[in-house]
Structure formats: C-alpha cells, structure tokens
Amino acid sequence: SQQGEEDPQALSIQEGENATMNCSYKTSINNLQWYRQNSGRGLVHLILIRSNEREKHSGRLRVTLDTSKKSSSLLITASRAADTASYFCATENNFGNEKLTFGTGTRLTIIP
Amino acid sequence: SAVISQKPSRDICQRGTSLTIQCQVDSQVTMMFWYRQQPGQSLTLIATANQGSEATYESGFVIDKFPISRPNLTFSTLTVSNLSPEDSSIYLCSVGTGATGNQPQHFGDGTRLSIL
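Just so you know, the protein sequences line up as chains A and B, in that order.
Residue numbers are given in our numbering: position 103 of the first sequence equals residue 103, and the series is strictly consecutive.
Residue numbers are given in our numbering: position 18 of the second sequence equals residue 18, and the series is strictly consecutive.
So that you can see chain A by itself, here it is in the shape it has in the complex:
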C-alpha cells in the first residue's frame, strides 16, 4: 500500500494547549494537503504546502514539510473544543493527475 502513516493515531489535550500531528509518506510528491473531518462527515481542506515549500501558516495552523525525510507536521496552536476532529494528510503525486493518497489519520480530542 502507498498509504502514508500519521502519528499519533489519537491525541487528547486540554483546551488552550498546542497539538502536533505528524505525517510520513513514501513517494515523490507535488504537494501535501491537510484535511479535517468532523464525525465522519465530509473533508474540510485546511492547508496545502507545495513540494518546494518548507513551512506555511494559516491562522492557528502551521504546517512544515521535509521532503528529504518525506514527512510533514501540522501544529494547531491554542486549541479549542471545536478543533476536536480527525485530521488527515494527503499527498498529490507529481504525475499531473491530481490523485491523492491519504495518511491513516489522527483523532484529536480537545478536553474543555
């Protein structure tokens, strides 16, 4: 399987703390995208980082990408109860077909 790995599988933290999730993948990529999924519903796109970028910010989100290690991390700062969800990384290959390969996901629980 070409599926990427995410760790941890599950993470519980107190509201206000920071949450870090890691993603590793196996092949060369065009970009890496992070998604949030609430309670088995559709996926919400959070952030896209290109293969030639190392870090990207969006509000309370910070994503890093290390293509030499084939890994990425998602940091959520000052967590809120509404951040409780599953988070997935997805890599787009560089064949130009926009296919995404998803990681295994991290289940994040924010404790009020």
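Be aware that one or more of the hints could be misleading.
What the hints assert, rightly or not - Here are some chain B residues the structure puts well away from chain A; computed CB gaps all over 12 Å:
hint, residue
1, Gly16
2, Ser18
3, Thr20
4, Leu73
5, Leu83
Unchecked claim - Here chain B is said to cover these stretches of chain A; the calculated rule only asks that three of the stretch's residues, wherever they fall, bring their Cβ under 8 Å from a Cβ of chain B:
hint, stretch
6, 25 to 37
7, 45 to 54
8, 98 to 104
As the list claims (entries may be wrong) - Derived DSBU-like pairs: lysine-lysine, alpha-carbon spacing no greater than 35 Å straight-line:
hint, chain 1, residue 1, chain 2, residue 2
9, B, Lys7, B, Lys65
10, A, Lys99, A, Lys69
11, B, Lys65, A, Lys99
12, A, Lys99, A, Lys26
13, A, Lys26, A, Lys56
14, A, Lys69, A, Lys26
15, A, Lys99, A, Lys56
16, A, Lys99, B, Lys7
17, B, Lys65, A, Lys26
Hints listed in this document are in silico derivations from the structure and should not be mistaken for laboratory results.
Backbone N, C-alpha and C define an ideal beta-carbon position, used for all residues, glycine too.
Given chain A's structure and the hints, the job is docking chain B onto it.
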C-alpha cells in the same frame, strides 16, 4: 472554491441491491474523483471519473462493482452494486481543478452507506 452536493447523505440498503450516489458541482470541473472510507479508516481512491469516457479505476476496484458515469463537467454518479456488509462505508466525491497550479482538492459531505 467549488460547491459540491452529494446525494443521498445516508442510506440503509439490503444485501444484493445497488445504490447510486450522485455528485453535483456548481461549476465545470475537469477532475472528479470517488473515494471510499471504511469504518474507522482513512480514505482510499476508487476511481477517477472521466468526462465522456470510461472511469479509471485504482487497483482493487472494478467497474462491475463500482460503475461510474460522468455525462458532463458538473455531474457524476457512483453505483455500488450487489451490496454486501463489507460495502458499509462513507463514499465521497471530490473535484480538482485540472490545472498544474497546486490547487486544493475539495470534497462533498459524503454518503454514509449501511448494509443490513
């Protein structure tokens, strides 16, 4: 970004029957994809829905089980045929821009399918 409507949002079906899921986009898109998410798992790509031609299936997925239509640039259907309990999953469609500009892919809300 494109607005994607997926129907039905959920269904409960009998074994041996089929379910057709619709995906409607509010603008013309080049790329449409269908994914499956089994309970507690991540997403797996089923196929790329090609407008005007047969869908391109990923390894492990076949047309007889998952026939796909793409009659135009705003609409696609996925049928899950001869349903068995193993087909209980969330099925999601997504759209891409078809451009080489590193654009995000957007998803519908998914169809939660349960098999009795």
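Return the numbers of the hints above that this structure violates; sort them in rising order. none
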